[in-house]
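Chemist: Below are the chains, spelled out letter by letter.
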Amino acid sequence: MNVVIYTRVSTDEQKEKGFSLSEQESRLRKYCRDKGYKIIRHFEDDHSAKDFNRPGFNKMLTCIEGKTIKPDLLICVRVDRFSRNAFETMKMVQRLNRHKVEVEYVEGFIKNDMPEDLLIEMISIVLPQIENERRGINTKRGLREAQRNGRWITKAPKGYKFDRSSGTSLLVPNNDAIFIKEAYAKYATGAYAKEEIRKELNKAGFKCSKQHLCNILKNPVYTGKIRIKAWKNEPEVIVDGIHEGIVSEEIFEIVQEVNKRRRIQPYNKKTIQDEFPLRGYLICNNCGRNMTGSGSRSRNRNKYYYYHCNYCGNLRFRADRSNKKFLEYLRTLNVKSEVLELYMAVLRDVFTLKEGRNNKVRLFEDQLAEAKSMMEQVEDKFFSNQIDLDTYHNAKDRYKKNIYELEEKIQNLYTVRSDYDKYISDGLPLLQNIDEYFEKASTTTKQRIIGSIFPGKLIFNGNNYRTARMNEVLSLILSNDKALQGVEAKKADNFVDQSSKAPLKIQLSNQFYHDLRLLYDLKPYIESMAI
Amino acid sequence: MLSVNDCKKILNKTGSYTDDEVKKIRQFLYELVEIEYYNFKNNNNNERSNLHKSIDRRTERKGI
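Going down the list, the sequences are from chains U and Y. The numbering used here applies: residue 1 is where the first sequence begins, and numbers increase by one. The numbering used here applies: residue 532 is where the second sequence begins, and numbers increase by one.
In short, the hints are calculated from the structure, not lab data. One or more hints might be untrue.
As the list claims (entries may be wrong) - Residues from chain Y shown here face chain U by an in silico Cβ test under 8 Å; the list is partial:
hint, residue
1, Lys544
2, Gly546
3, Gln558
Glycine included, each C-beta is placed from N, C-alpha and C at the ideal position.
Full structure from sequences and hints, please.
Modeler: This is how it looks when you write it as structure tokens:
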């Protein structure tokens, strides 16, 4: 009788039990020798038995189905060497039977050609699956317990690496951590889109995809915590990790708030044109889709620019007039005095922080104090005859020069106007003169301002602007409610909250036109009735 | 970032805001200032690059 023998081991089992491939092979060879079988081929695998997607087994199956070998029997040491999936095992046995190949095991179930064999066979097939699933559950429980103890159990997240020097695997920040910190800091300001941040970081050498950055900005691992996902009856929890966080919890929370606010972005950044600062923020009053902008030349060769809807084609507004109306609307926004005061404080805080002047002054002052103490030490050494006159003079000159340079640097920092001072004396703070600032700003800045003030898209009816989602902060900071009334007065249509890129659920048909078509179709019938 | 208490001291001189409202206002103002700073820095860079362009043009003309 021609037989093929099949041996399988998964790496874990091999380590744990020493149930090696060679040991299985020698047992199978002995079994065949005793039974008088002729081994025509031996196949082996070191893969899991949860399915039959194993290279060795697939090769054997190809040989049998391609009729390159014609065995009568396939022999394994035990059922679990063949498979640990009951349903898959039965299907595979049937498949092999179609090619007149029987499956036989050295241990466990032995066929006696009795109908009751089926029951025993079923039990012997199911047992490995139960064992496998039990082992899976135990492993999962162990991993969750490790997570509860604050350990990270999968591949190290971006910005971290595993430090195994202390015996246990501990996450420690790597070179990418600085980029992660920067991404959080920038996104927390709310003034940048994720894609802008990603592109900037990519240029600086931090490679990550759009989705990856989204995941990074949601992952509490960067605050030193670990999220344990919900499993069975256990709810999702966040626990303290044993690793060091890269960002503070406060920044993380702010980032989550910014994430929730879903700021709108212009739909196509490449098409920024100075004539259309509102492009990407305006939607059509008729169909609710994005309005675009383009120019057209008149008979006297002058070029005029329009916002228009490409989908329904019904709306068309002169861009200059629409932009002017928007400026007029901005002019009506009067901010409360206490909010303006806070705004100036924030302005000073951000400018000072970004400039880093205070840090520089502190650094130079430290260096100055050190140089002065060194000079005193040299003097002490000279008076106690530890150094000669020449060495004393050389050292003194050197330190004097150093002190002079440092004092000059500190003086310069105090006398040269800071960025903030320059800005306050030359420029106009945004919130004090929002319309003037908007008028003079670049198109990118204009769009950023619109995006910050209006979380929802704008609808223009030729005279007024309105929006479905008003910024709730505006109601807190504006002294006049008229500005808000102008925007909120008219209740928005349902489509405003829907994505402009997705087709509308309700078809906006013209009922009159529809009825007319119906009547036209019925015309011959009505005429025949009249006759 | 200014603390909520610092912001509250300024805001509640004449008004009365809750902690949550102060947080929202603070976030919004920081967002606007970030835009303003970005614009300021961009303008400065453009001015510098314009200066460099004019120097380049002059040196080209002189054939240096």
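Chemist: Which of the numbered hints are not met once you compare them with the structure shown?
Modeler: none
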